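Hey, can you work out the whole structure from these sequences and the hints?
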Amino acid sequence: MARITMREAISQALWEEMERDERVFIMGEEVGVWGGTYAVTKGFYDHFGEKRVRDTPISEAVIVGSAIGAALTGLRPVAELMTINFAFVAMDHIVNEAAKLHYMFGGQFRLPLVIRAPGGGGRQLAATHSQTPDVIFAHFPGLKVVSPGTPADAKGMLKSAIRSDDPILFIENATLYQLRGEVPDGEYTTPLGKSRVHRPGRDVTIVTYSKMVDLSTKAAEQLSKDGIEAEIIDLRSLRPLDMEPVIESFKKTNRAVLVEEGWLSYGVGAEVAARIYEQALDYVDAPIKRVAQKEVPLPYNRNLEQMALPQVEDIVKAVKEVL
Amino acid sequence: MAKVVSMPKLGFDMAEGTLVRWVISEDEPVEKGAVLAEIETDKATIEVESSFSGVVRRHMIEEGTTIPVGEAIAIIGEKEEQIDFESLVGSEKAGEEEKVDLGKGEAVKEATPEQAGPEKPEVVGVEAVAEAGQLPEGVRASPLAHRMAEERGINLLKVSGSGPRGRIIKADIEAYQEAKPAVVEGLPMGMPVMVSEPQLDRQIPLSRLRATIGRRMTASTQNVPHIFVTHVYDMAAVMELRKQINAMLPEGEKTSVNDYIVKAVALALREHPSLNASLDEKEGEILQHGQINVGVAVATDNGLLTVVSHDCDRKPLRLISAELKLMAGRVRQGKVRPEDIEGSTFTVSNLGMFGVEHFTAIINPPEAAILAVGAVREVAVVVEGEIKPGLRMSTTLSVDHRVSDGADGAQFLQTLAKYLEEPLRLMI
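Line by line, the protein sequences give chains A and B. Heads up: the first sequence is residues 7 to 329, going by the numbering used here. Heads up: the second sequence is residues -16 to 411, going by the numbering used here.
The set of hints was computed from the structure by calculation and includes no laboratory data. Everything hinted at is true.
Below, in silico cross-link-like pairs of lysine-lysine (DSBU-like), each with a Cα-Cα straight-line distance of 35 Å or less: (1) A:Lys326 with B:Lys141; (2) A:Lys257 with A:Lys165; (3) B:Lys153 with A:Lys258; (4) B:Lys141 with A:Lys257; (5) B:Lys153 with A:Lys295; (6) A:Lys257 with B:Lys153; (7) A:Lys323 with B:Lys153; (8) A:Lys257 with A:Lys326.
Quantities reported herein were computed from a predicted structural model and do not represent experimental measurements.
Spelled out as structure tokens, the structure:
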């Protein structure tokens, strides 16, 4: 097992899949000569050449639209958006075309498309460049929306995404690129659409994904000092949403805290809570609590930004409130 | 034209009322003066008469609802009349608001914290009760606790909850054991075991009457310095007189011992106006009442109410007796009228019928005194060196020391002796 960053893990996944299948290619702003805004594709241009590592105009509509076209004709594009905040200008391509073409043409086409997009706040990029709009995309049937919380998952899930014949939005939390973690040696893939137990526990179930897996783990370590053992479920995929490990855990703990970086209203926590109440009402021993971003456009000011984002202390507090 | 019936003000200090029962349903005809609904105030349940004739077109509130005085409770109109209920009630309300505005100066003055304060717990209480009624099986328990209780055959009403707001949670069900009789440990083997079913704790929401009694009596004990003066009376003459009088009266009109005491008290108060008085702290004066209105405490299942015989010193005994009987009956049926329970200047509380020998009573503000009356008992008395059977009754007067003194009380009790021990004085 090697201990590498999530940036390296994603880079490895792309490299391995491009080596494995020559239909796989990368396109996006600055992914080629520059090596990627977050240096994920550094060295790719020299190794794979300009045909498979394509720099694009600054137009997300072009990036996603032409990637869709390429996918329809049998290639396996990995389109990179510089941030998920720019996905809004490609919204029609993402939700009306990528998510629906297979369906609209009666299954005649598959769409083996991966859209990679970094998201999340906490880097003082101000309100328009710091959003976590994951649920917006997860709302549309036809699109798979996944977001890893560890380097190992990032690598395995991206490899699965590239091999999948479905359109997939692969959301990377930009603050996680530096996160280090154990990654299995050699070739492996991680199934998409499967939640997993990230940390076993007995007293409360924390359901979360992406960056909040890391914060929840830190919260669980603090809670452990008080004798509280939190079980953390990493959803990994928002659509499809795999509730099985969540329900199984909840039946054991009877209490849940749902943590996400995005805003509270209509969020992942709201969906998970509703499903717990639907599927495990008889196991509810306390009202379920949600931890999420304060409902404001994220401030630029560092202190205010941190206040608006969920913190480890917020998770600890919420857990204590449901116990 | 359609008319609005509002929550009536049934007493000077009534701020809100609870509609207990609709007597006339929607779409039923009603005559002016007929009983429309029953309303519970702080003091009693009172019948509300319709001020209009017509058809009850709509109940504006449901049974059990508490609303402020003056708000709409029903709309009475013609059978087929088109009524815009919203605007009708709205216009009434607007009128109300205007009235409030006109009286602003006074309203502000009245809203002192002491007056506003005690009302709050009552409102919370009402809400809490309503909420408890809506909870599944009437208890606050988590869904998991509900299921576990069902599986284990545990009555959730017996389990106390340790969760937020007393919610019964999993841990409470797990910790719950059927209540076994508490027996001291270390007893020898073979002791008989208690077999009767355990009695359950019951949570009974405070009725408005209970809450009012509690509030007033707490205020009295805290604010009124009580002095207690006890006097024992020879009741032989009253008992003999009563026997003779009752022999002449038809069934249902017979007099009670208490009637004689009430009349005697009223006459004695004439001679001791200092005890037929109220302290007005604001003005720094004592108000000696011209009227002598003797209140008589009546026990009901829900609490204590005082019915009032007005101008009692000027009424013949038989009239006092009949009045008290009628009003006490109304109290016990929950049909008391506001005038039955208002305006007392002195109270008599008699527990003699329960065999009580002696007790002390708490003054009912703003009155200055209250007389606690025990039972007439046959006792051995010493008369001129010889032990003889006698009839004695002990009374204890509680006096507000801010208004009067122990000596006044003692003299009043002496005067009372004049009337009780020579009861013909009650008749002349």
